[in-house]
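Protein chains in written order, with the working numbering: chain U, 1 to 794; chain A, 1001 to 1199.
Calculated directly from the structure, the hints in this document are not laboratory data.
Some hints could be false.
[What the hints assert, rightly or not] Partial chain A-side listing against chain U, Cβ under 7 Å, derived:
(1) 1095
(2) 1119
(3) 1123
(4) 1125
(5) 1128
[Stated by the list, open to error] Far from chain U by the CB rule (all over 12 Å, computed), these chain A residues:
(6) 1068
(7) 1086
(8) 1088
C-beta atoms are modelled at their ideal positions from N, C-alpha and C, and glycine is treated no differently.
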Amino acid sequence: MMRIQRLQTRIIVLFVALLALVQVAAFWFVNAANSRNAQAKVAEELTVGQRVFARLLEQNAEKLKMSARVLAADFAFRESIATHDTGTIASALANHGARIGAEAMVFVDLEGQVVSDTLSPGGTTRAFEYPALLKSDKNAASASMEVLDDRAFQLVAVPVLAPLPIGWVVMGFAVDDALASDLRQLTELEVSFATDGRGGRRILASTLDLREQQSLLASMPSQSNGVARLVLKIGGVDHQALVIPLDDTAQIVAVLHRSLDDAMAAFERLRNTLFLLAALSLTMSILGSVAVARNITRPLESLATAAARIEQGDYSAPVNLKRADEIGVLASSLNHMRGSIADREKRILKLAYEDPLTDLANRSRFSNELELAITQAALGDLRLTILMMDLDRFKYVNDTLGHSVGDHVLREVSARLQRTVTRAECIARLGGDEFAILVRDANDDFTDTARQIIAALEAPILYEGQPLDVGTSIGIAHYPEHGRDAQTLVRNADIAMYAAKRNKTGFATYEQHYDTSQQEHLSLLSELRRAVEHNELRLYYQPKVSLHSSHVSAVEALIRWEHPTRGLVPPAQFIPFAEHTGYIKLLTRWVIREAVRQCGEWLRSGLALQVSVNISARDLMNRELPELVAELLAQHDVTPGLLCLEITESGFMEDPAHAQKVLDRLDELGVKLSIDDYGTGYSSLSYIMKLPVQELKIDRSFISRMATDEEISTIVRSTIDLGHNLGLQVVAEGVEDLAAWDMLRTLGCDDAQGYFMSKPLEPKALAKWIRDFSGRPPTRIAAEAAASVKVLKN
Amino acid sequence: MIALRPIVGLVLLASASGAVAADLTLDIRDAAGRPVADAVVYAQPVGSAPLPRADTRATIDQVNKEFVPRVSIVQAGTQVFFPNSDNIRHSIYSFSPAKTFTTKLYSGREAAPVLFDKTGLVVLGCNIHDTMVAWVFIVDTPWFARTGADGAATLKSLPNGEYTLSAAAPSANLKPRETRVIVDGSGLVRFTIALDAGA
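Produce the complete structure using the sequences and hints provided.
As structure tokens, this is what we get:
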């Protein structure tokens, strides 16, 4: 079903439909009334006509009687009749008949015999056919309607007095079309005379033409007694008719009728006028309703337009509708609404696009700005640069000194950024300690800018007089060289930033090979997943040898990936990536599980080895880690003291508070904890003191340079002393020659780990190695090791 | 229709002989026994030679648009005068075969007398006034009379002998009823004229 959607159309349709309904009803009523009136009028006209007709016939008869009487009284006429001479009588009858217009003149004697008849001159003597007409009273004159020789006559008989009646003169006046016509003039009805004579019914006289007469004959009822009222169809038109018998035997009837159409004609005119009026008023009402509808819908349309503008976020143009009515009120409400929406949107935009802490743009705003800038740059063939940066050690500041200090640092950093990078299109804080800077249309490489930023942040930030040291790493990416869309550009700047952080260069401009390693990482992700599923990962164990006793009591589990096509994949190629993607969690889980299992296996074979496992910063965020560890230990029936978890400084410096909780929990379990790669980070010993660790592993970079660098050897020495002073066991990594071995023994270091003793080995190989070499002097070990290296090399 | 019925006849005969004459009184009644006025009666001798024509006169006056008398009986050969006593004019006519005539419009005594020389009945009318009608019975005998309101009429000085008595009335069948009577004195002949109820 079609539905009218437009209000204007609805109003018009409603108005017009209502009016049309009323008009049609009125028209119908008037028409019906007219029709009834016309019929009633015709009926009345017929009734009146009938009376008039009867009266006219009577008068006509009277007139004829009078005329006849006058004629019959004419002396000469009487005289000629009295002669009894047939010829004279016939001529007198003809002559006098002509005088008064009687077509038939008959003289009938007192015996009722026709003496003379103008219609049949010289005919045989016969009795007069209508004796009833002959009244003996000399004053009587009688009349009747009769058919003579197929024609209707008004017969009038009067006695001829001489001075007593000597006979009757009967005069026949033709009932013809002229009479009918006269009667029509007076009655205003169509008049026909018909008879049911021999040879069927026929019309004797009529005001109708021949064709109509036929039609009248056809539609007349066959027989009627008395006056009949009926409807005739004449010439296809309904007529109301009266059939009036004119003689006793109903041989002659008069048919009076009137066309309903004629009667309707007057009403027809009225109807036409009415129709015209209806059409006129309908037109007016259409125009009127259009005007009304427009008066309503125009302002509504402008309101709708205004609302649509507001919907599109254009609050500038107020609704201009000065009206006193409801629509005016609506318009002013809309105006108020427009104002308040504009205000609110401004506030929402501020919230949505601004960082409330620093008043810098937030991530969303930065993304939008970048998108916009890229679009414009693409059109104008311009260059863009984004700098991504985060603060080093911010988490540490935040966690150790509290959020208010962190906030202060962020505010200060943002202030310094704003002061330093004056030509930035947008400086945004993306979240946490992450900042981004967008600069348009600049052709330099921004390394100077990066240096300026680093310099600006080098000056310590003072909080309540205390200096706080925050560094930064900056990644730089240019449009279009380093990405043609915002996402790529940001990612690449991020990659550059991580590169800078990794390489400790402070800043780095994006380079292609960062991306290829990134690409590798991506493919690694799926492969790594497969590796776990297909058991491609292996744990190799490198022994920690006691520098005091040359005994092996601990091993470090190191992951190896036996890639089906690439061969052994070094951990450096997938561990950082796993850390970035969060996949490290699964990896660590696998490693711990395998390590504990292996530990348990060794234990059951009589080999009590403490197994160290490296866990990442992310693992320290995982609250479930302690539960997992406890579960595994229980499962494999391994004493907690045989598991050692190695964490890097950076690992817990990212979120020390959280890390502390996890470490405390692990400590409660009885698991040993160890600080790995000690010396590479910025962690203060005072902080490490708070951690429940039992072991300190000096980074390999110190050990390898210790022999040649006096300063380094001092650091190593003091670190060993410090560790011992803190009650920690000190382990040296990367011991690759006898010199280092001896030096470390001299310095009092507890354990050593490195290729000098053994490379990481498979569990079986390790077991064999321990059986073979445990407790032997390091020189021997070294020699064996060198030999095995030689064997490997061969 | 009026019918004369000569059923009961009672003739009072005057005792006379030879040239002795007698008056014959007739009583004319209708069937219901009521006397009939303006009936005429006359007597014609049977078997005698034709009677001489009278050279007599009669008068039919016109008073108040009526002929007076309405019914007359005269002997053939009588001159009838038609004086006009009205102050309007009349024009008298007759289409009767016994005497057809017409006068011009006249007043007073301007009209010439009309000679009724043939027996029969003449109906007179006025050409101006259709309601005026008079009957004149013309008979071939000097013995005739007209009944009065009592229906009685007297034939005077009727010599003895055999007569055919006739009676007629304008309102009755115009053919006279006849009966034979022998007069030999003075006597009364009574006729009863009966009105036909269907008339």
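Does the nearest C-beta of chain U fall within a distance shorter than 7 Å of the C-beta of residue 1128 (chain A)? Nearest chain U Cβ about 10 Å off; hint violated.
Going by Cβ atoms only, is residue 1095 (chain A) closer than 7 Å to chain U? Given a least distance of 3 Å, the restraint on residue 1095 (chain A) holds.
Beyond 12 Å from chain U, beta-carbon-wise, is residue 1068 (chain A)? holds (16 Å)
Let's test the interface hint: is any C-beta of chain U closer than 7 Å to that of residue 1125 (chain A)? holds (3 Å)
Closer than 7 Å between Cβ atoms is the bar; does residue 1123 (chain A) clear it against chain U? Give me holds or violated. Result: holds, 5 Å to nearest chain U Cβ.
Closest CB-CB distance from residue 1088 (chain A) to chain U, is it above 12 Å? Per Cβ check, residue 1088 (chain A) is outside 12 Å of chain U; nearest 17 Å; holds.
Restraint satisfaction for residue 1119 (chain A) [CB to CB of chain U, less than 7 Å]: Status violated, d = 19 Å.
Is it the case that residue 1086 (chain A) keeps its Cβ farther than 12 Å from each residue Cβ in chain U? It holds; residue 1086 (chain A) is separated from chain U by about 17 Å at its closest Cβ, greater than 12 Å.
In this structure, the hints that do not hold are numbers 2, 5, in rising order.
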